[in-house]
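Peer 1: Given the structure of chain A, go ahead and fit chain B onto it with the hints provided.
One letter stands for each residue in the lines below.
2 protein chains.
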Amino acid sequence: MFSCRKLVVIGAGLIGGSMIKALRQAGADVEQIVVVGRNMQVLEHAKQQGYIDNYSNDSSTAVKDADVVVVGTPVGAIGQQLEAIYPNLADDCIVSDVGSVKQHVVNVARQSLKQHSSRFIPAHPISGTEHSGFNASFAELFAGRFTIITPLSDNDLAHIDKIKQLWQTVGSQVLEMSVASHDQIFAATSHLPHVLVYALVNTISRLEDADKYFQVVAGGFLDYTRIASSDAVMWRDVCLTNKQSILDMIEQYKTQLSALQALIENENAQAIEQEFKLAKKVRDELVDKRLQQKQTSSK
Amino acid sequence: MFSCRKLVVIGAGLIGGSMIKALRQAGADVEQIVVVGRNMQVLEHAKQQGYIDNYSNDSSTAVKDADVVVVGTPVGAIGQQLEAIYPNLADDCIVSDVGSVKQHVVNVARQSLKQHSSRFIPAHPISGTEHSGFNASFAELFAGRFTIITPLSDNDLAHIDKIKQLWQTVGSQVLEMSVASHDQIFAATSHLPHVLVYALVNTISRLEDADKYFQVVAGGFLDYTRIASSDAVMWRDVCLTNKQSILDMIEQYKTQLSALQALIENENAQAIEQEFKLAKKVRDELVDKRLQQKQTSSK
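Heads up: the sequence lines are chains A and B, in that order. Residues 0 to 298 in numbering that gives the first Met the number 0 are what the first sequence spells out, letter by letter. Residues 0 to 298 in numbering that gives the first Met the number 0 are what the second sequence spells out, letter by letter.
None of these hints come from the bench; they were simulated from the model. The model shown is predicted, which means the values in this text are computed figures rather than measured ones. Treat each hint with caution, since some may be false.
Remember, identical chains collapse to one label, so a pair may be satisfied in a single copy or spanning two.
[As the list claims (entries may be wrong)] Restricting the straight-line Cα-Cα distance to at most 27 Å, the calculated cross-link-like pairs of lysine-lysine (DSSO-like) are:
#  : residue 1 : residue 2
1  : Lys211    : Lys242
2  : Lys211    : Lys293
3  : Lys242    : Lys280
4  : Lys276    : Lys63
5  : Lys161    : Lys242
6  : Lys113    : Lys163
7  : Lys280    : Lys253
8  : Lys211    : Lys163
9  : Lys280    : Lys211
10 : Lys276    : Lys211
11 : Lys276    : Lys253
12 : Lys293    : Lys163
13 : Lys253    : Lys242
Next up, chain A with everything else stripped away, as it sits in the complex (with noise of 0.2 Å):
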């Protein structure tokens, strides 16, 4: 079980709101979680709700005589906020994110941290809905999801655990790998998808009588465009700061699709179908897989 004396989380949306409500829901052993934030109506109303015992908008004060620091802003926001906090960063405390890239992250942390980046623990928790900000958080978020951690060569064995045991009280699987494993594994299955699904509805939004189009879209449109409602802050700094990453997978996915348009124009029915075939056989397997850990996990 996670404990710290004083937790503060900078920038307290989606993730940073969910891991606070998750802590508290599990119990956490946390003498003072404060908040730093810009909405102070909705941070007040955190407070009097009992999930935060402070907040403020300066995250530079707040962060006095913490023992454990959270960024969770967008990637793009990370090195304006570890400039910040440094100077009064108290020699104990571990500082860790949540960002979804994270070669630019440790890159930044090296910057803006000096000699206290080897106390800088890169984490990515794989979770999140569509919806941003605070009040779309839920406890729940993180339960049966993997938290990636991205060790850096001068990290203390102690400090990798303390962040590993809080993403595992807020209920989810932490996995290590390396910090060039972790963007291009993630370039591939979340930001070229994150991508795609934005090109997908520029491209329908952009046609001629497009109100025609979208006047009859089957369920099925809204769920394969639900990650198009993400925070667009949040995706165009992972577009800018994993960029060769994603780069890469747009065009080793453009070859792909070429060649099934070539299938198509061809009328190669029998490669058209292996084709499907191919991608029904990956894609069930991963739901029977996920369907293993679920009902392992809750044995």
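Peer 2: The following block gives chain B in isolation, referenced to the frame of chain A:
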């Protein structure tokens, strides 16, 4: 409320099966429901449960004395079925289908049903799940969804109304549009997304160490690839029979994707954010509209 003497459903999979269950649930006045299928065990079970009155594996004899026949097979198999039933159709029998592509089906109906094709009412319920077969069917599949009817110039208004009533009775809202509009619209909002998602899953499954990628996919990945679990033969047929519209949409999509790729390449933060915000706005509005429709229809 839909009524008829003898309804024959050829190919009672997800759509045909759900239609029958919904007709029964609505208490439609149908003296006899006969299903033509291949899996006699499933159909015997459906009979024992009271969903159908009889079944057969021979469409040609099954349609004798029917006043309504609905062909529920994948688009590629409709021609063969229409040819098989043509000799035994009663003069007053209305024939319809549930195909995702309409021009091809109309051509096939003109050819196979000859002078009887004026009694062919092309229909397309915009409903489905990623599962297939009678056992995956359920009465609520069409509730609050659209069914598109694309009438032929020589269709009798009374016959169009009969098929409209059928789909209204099972809970869907019926819209009429031209064959050409239908095929263009659904190429964009349904056929294109299926092609894109099949290509996405296969792009990742062909990466070296694909298992490593799939090991940590977010729940979201399973959502936006849900349609890749759809029936491969059905979607192969859609691609072959709505070929030109789909190829046109793939081209437009590739242009859009390449434009987004260039923005990322050039790190054009503002334009990327604008693109993502546009897509988010469009989808959020669709969700709101859907919600309003549901509230209105439940009043």
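Peer 1: Hint by hint, note whether the structure agrees.
Peer 2: Hint-by-hint comparison with the structure:
1. Lys211 - Lys242: Answer is between; shortest inter-copy Cα gap is 21 Å, intra-copy 35 Å.
2. Lys211 - Lys293: between (41 Å within a copy, 19 Å between copies)
3. Lys242 - Lys280: between (30 Å within a copy, 24 Å between copies)
4. Lys276 - Lys63: Classified as neither: same-chain Cα gap 57 Å, cross-chain 36 Å, threshold 27 Å.
5. Lys161 - Lys242: neither (31 Å within a copy, 56 Å between copies)
6. Lys113 - Lys163: Result: close within a single copy only, 23 Å intra versus 70 Å inter.
7. Lys280 - Lys253: Both: 22 Å inside a chain and 26 Å across chains, each within 27 Å.
8. Lys211 - Lys163: between (50 Å within a copy, 21 Å between copies)
9. Lys280 - Lys211: between (34 Å within a copy, 17 Å between copies)
10. Lys276 - Lys211: Between copies only: 21 Å across chains, 32 Å inside a chain, cut-off 27 Å.
11. Lys276 - Lys253: For Lys276 and Lys253, both the intra-copy (20 Å) and inter-copy (23 Å) Cα distances are at most 27 Å.
12. Lys293 - Lys163: This pair counts as within: shortest intra-copy Cα distance 20 Å, inter-copy 43 Å.
13. Lys253 - Lys242: both (16 Å within a copy, 19 Å between copies)
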